[in-house]
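Enquirer: Here are the chains, one letter per residue:
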Amino acid sequence: MMLRRPLFWMILVLAAVFAWLPQHGNNVALREDLILVAVAIILTSNLNLMIGYTGYVNFGHIVFYGLGGYVGLYLMTVRSWHLIPAALTAGVAVSLLALLFGLGILRLRGAYFALATIGVLEAVQAFVSNFESWGRSTGMYVSFESYAPLGGPKHALWSTYFLVIAVMALSLILSLGIRRSKFGLGLFAIREDEDAAIVLGVNATLYKAIIYSVSAFLPAVAGALMFFKNGMIDPSIAFEYMLSLEGIVMLMLGGQGTVAGSALGAGLYERLRSYLLTSPRLSAFHLVIAGALLLLVIRLAPGGLIGWLYRLAPRSREVIE
Amino acid sequence: MNDLLQVRGISKRFGGLQAVSDVSFNLGEGEILGLIGPNGAGKTTLFNLVNGVFKSDAGTIAFWGKDITGRSPDQVVHLGLARTHQIVRPLSGMSVLENVIVGACFGREKQSMREARTTALEVLERVGLADRANSSARALTLAGKKRLEVARALAARPKLLLLDEVLAGLNPTEIGQMISLILSIRDGGVSVFMIEHVMQAIMNLSDRIVVLNLGRKIAEAPPAEVVKNADVVEAYLGFPDIVDKLRGAQ
Numbered sequence: 003m004m005l006r007r008p009l010f011w012m013i014l015v016l017a018a019v020f021a022w023l024p025q026h027g028n029n030v031a032l033r034e035d036l037i038l039v040a041v042a043i044i045l046t047s048n049l050n051l052m053i054g055y056t057g058y059v060n061f062g063h064i065v066f067y068g069l070g071g072y073v074g075l076y077l078m079t080v081r082s083w084h085l086i087p088a089a090l091t092a093g094v095a096v097s098l099l100a101l102l103f104g105l106g107i108l109r110l111r112g113a114y115f116a117l118a119t120i121g122v123l124e125a126v127q128a129f130v131s132n133f134e135s136w137g138r139s140t141g142m143y144v145s146f147e148s149y150a151p152l153g154g155p156k157h158a159l160w161s162t163y164f165l166v167i168a169v170m171a172l173s174l175i176l177s178l179g180i181r182r183s184k185f186g187l188g189l190f191a192i193r194e195d196e197d198a199a200i201v202l203g204v205n206a207t208l209y210k211a212i213i214y215s216v217s218a219f220l221p222a223v224a225g226a227l228m229f230f231k232n233g234m235i236d237p238s239i240a241f242e243y244m245l246s247l248e249g250i251v252m253l254m255l256g257g258q259g260t261v262a263g264s265a266l267g268a269g270l271y272e273r274l275r276s277y278l279l280t281s282p283r284l285s286a287f288h289l290v291i292a293g294a295l296l297l298l299v300i301r302l303a304p305g306g307l308i309g310w311l312y313r314l315a316p317r318s319r320e321v322i323e
Numbered sequence: 003m004n005d006l007l008q009v010r011g012i013s014k015r016f017g018g019l020q021a022v023s024d025v026s027f028n029l030g031e032g033e034i035l036g037l038i039g040p041n042g043a044g045k046t047t048l049f050n051l052v053n054g055v056f057k058s059d060a061g062t063i064a065f066w067g068k069d070i071t072g073r074s075p076d077q078v079v080h081l082g083l084a085r086t087h088q089i090v091r092p093l094s095g096m097s098v099l100e101n102v103i104v105g106a107c108f109g110r111e112k113q114s115m116r117e118a119r120t121t122a123l124e125v126l127e128r129v130g131l132a133d134r135a136n137s138s139a140r141a142l143t144l145a146g147k148k149r150l151e152v153a154r155a156l157a158a159r160p161k162l163l164l165l166d167e168v169l170a171g172l173n174p175t176e177i178g179q180m181i182s183l184i185l186s187i188r189d190g191g192v193s194v195f196m197i198e199h200v201m202q203a204i205m206n207l208s209d210r211i212v213v214l215n216l217g218r219k220i221a222e223a224p225p226a227e228v229v230k231n232a233d234v235v236e237a238y239l240g241f242p243d244i245v246d247k248l249r250g251a252q
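If you're matching them up, the sequences are chains A and B in order.
Okay, so the first sequence: first residue is 3 according to the numbering used here, each after it adds one.
Okay, so the second sequence: first residue is 3 according to the numbering used here, each after it adds one.
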């Protein structure tokens with residue numbers, strides 16, 4: 003089934019291009035640009051599972067990324083684990099925690115759920131800022147020895163890059179897989195009318211908790227990889243509320259509910275943001291532009307770029323999922 | 003006749019309003035049981051109690067030999083009790099076909115996507131929506147949406163179907179089509195419990211009728227007897243002897 007879907011192959015090509023481009027001439031600057039795009043795609047496509055597929059707005063999605071970073075760095079620096087098992091364990095641990103949170107806060111609907119997700123973000127940040135083993139507000143540093151198993155820092159950065167690209171491809175394939183599955187159908191039914199879905203036999207409580215937990219896994223893995231790459235973590239960079247909001251902007255820009263939209267929106271917005279942040283005149287302006295962009299998209303193209311494409315060419319729906 | 007549904011002494015209070023109080027009745031296998039009563043009598047609340055949308059304050063509900071008291075609506079569907087909504091609730095962003103596939107996937111047989119697609123196409127043919135399978139559920143007329151409600155519930159392959167005013171708002175032709183559909187559903191081995199305000203239809207369709215007024219059951223009898231019942235006439239028209247007066251006037 004999957005092999006017959008054009009978007010599946012497009013995802014593989016995208017990942018291959020990402021992996022190949024910066025190696026050409028050892029272009030480290032390009033690699034750093036692309037890794038940010040990849041992380042944006044990972045966060046946005048997983049956020050799409052909640053917002054686009056299930057209809058639940060999660061303002062605290064970044065909490066999974068930050069917690070993943072913390073668990074990963076803790077295992078690598080304090081427990082001396084290898085990068086890959088540490089990142090996977092971070093994913094599993096954060097997913098389980100999300101399942102627990104989810105069973106609690108997913109009883110809420112609409113705006114109340116959205117508010118609760120902000121609460122989760124604040125609570126986790128407050129907890130981590132006071133947690134002795136994780137270095138409280140000063141955070142944790144990756145010691146130089148941690149790079150040794152990966153063949154030294156230079157090599158480690160490339161390995162991390164390829165792993166992030168792999169996580170990006172997995173995120174998109176996960177979204178694609180869920181989209182045409184029975185599980186996905188249940189989520190769409192919940193998004194359209196939760197009470198009607200329950201009467202039709204969908205176990206909404208369970209489905210919502212599962213998707214909340216699933217949407218935490220790959221962002222947490224990515225968090226572990228990225229904070230390892232950056233060499234340090236502290237509560238203010240791990241749980242940056244703005245990144246959560248920008249994830250929503252990216253998703254709306256590309257087109258919520260679609261796999262291609264989450265990738266497109268993330269890619270475009272991330273490039274725009276990087277340009278604005280590094281441009282001397284506009285660096286303070288990027289959030290103003292994000293806000294304006296969100297307003298324009300909601301007002302003019304509520305389905306985002308992909309929704310707009312669907313309107314222009316309805317048959318593209320079959321290919322660009 | 004074996005009882006498919008046994009309801010014993012169920013009640014529901016919302017704040018100061020006793021919506022349903024101490025209602026008991028049975029529904030036999032293969033039966034069409036009607037449920038009538040003036041506006042606000044508690045009919046839809048009774049449906050919501052039977053399929054688990056609300057939890058009953060007292061009493062028990064048994065379905066197909068199992069106690070289903072306090073079970074959630076999704077569990078109740080899995081056991082074979084499906085329903086439609088009085089105020090239609092299509093999954094608007096999805097196609098007509100997808101709506102029905104949801105019913106089949108999460109119904110009694112929990113079909114796979116592939117099986118569900120076949121079932122859905124079959125059911126759409128049966129309710130007369132086959133030509134609209136790929137249009138958006140939002141685009142259907144009211145009559146179409148009512149049929150979609152029935153199709154989704156049927157796709158769950160239920161043993162008992164609760165129909166909440168599927169005839170309301172339909173024109174005479176559409177009512178005729180819906181009535182033959184309901185009869186064919188029953189002939190297919192599915193029992194029906196239906197709320198209806200279109201009197202002529204419910205009198206002709208039902209084997210027996212339960213009458214609610216102010217949350218209480220005031221009658222339970224075959225249609226011919228229900229129309230003569232003094233309590234029922236009073237509940238609807240306000241005068242116990244109006245039947246005799248009308249007869250006298252003829």
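Quick caveat, the hints were computed from the structure, so don't treat them as lab data.
A couple of the hints might just be wrong.
The list that follows gives simulated cross-link-like pairs (lysine-lysine, DSSO-like), each with its CA atoms no further than 30 Å apart [claimed, not checked]: (1) Lys-112/B - Lys-68/B; (2) Lys-184/A - Lys-161/B; (3) Lys-57/B - Lys-112/B; (4) Lys-184/A - Lys-68/B; (5) Lys-57/B - Lys-156/A; (6) Lys-161/B - Lys-112/B; (7) Lys-112/B - Lys-230/B; (8) Lys-68/B - Lys-230/B; (9) Lys-68/B - Lys-57/B; (10) Lys-184/A - Lys-230/B; (11) Lys-184/A - Lys-231/A.
From a predicted model like this one, the values you see are computed outputs, not experimental measurements.
Enquirer: Could you tell me which of the numbered hints above are not met by this structure, giving the numbers in increasing order?
Expert: 5, 7, 8, 10 and 11
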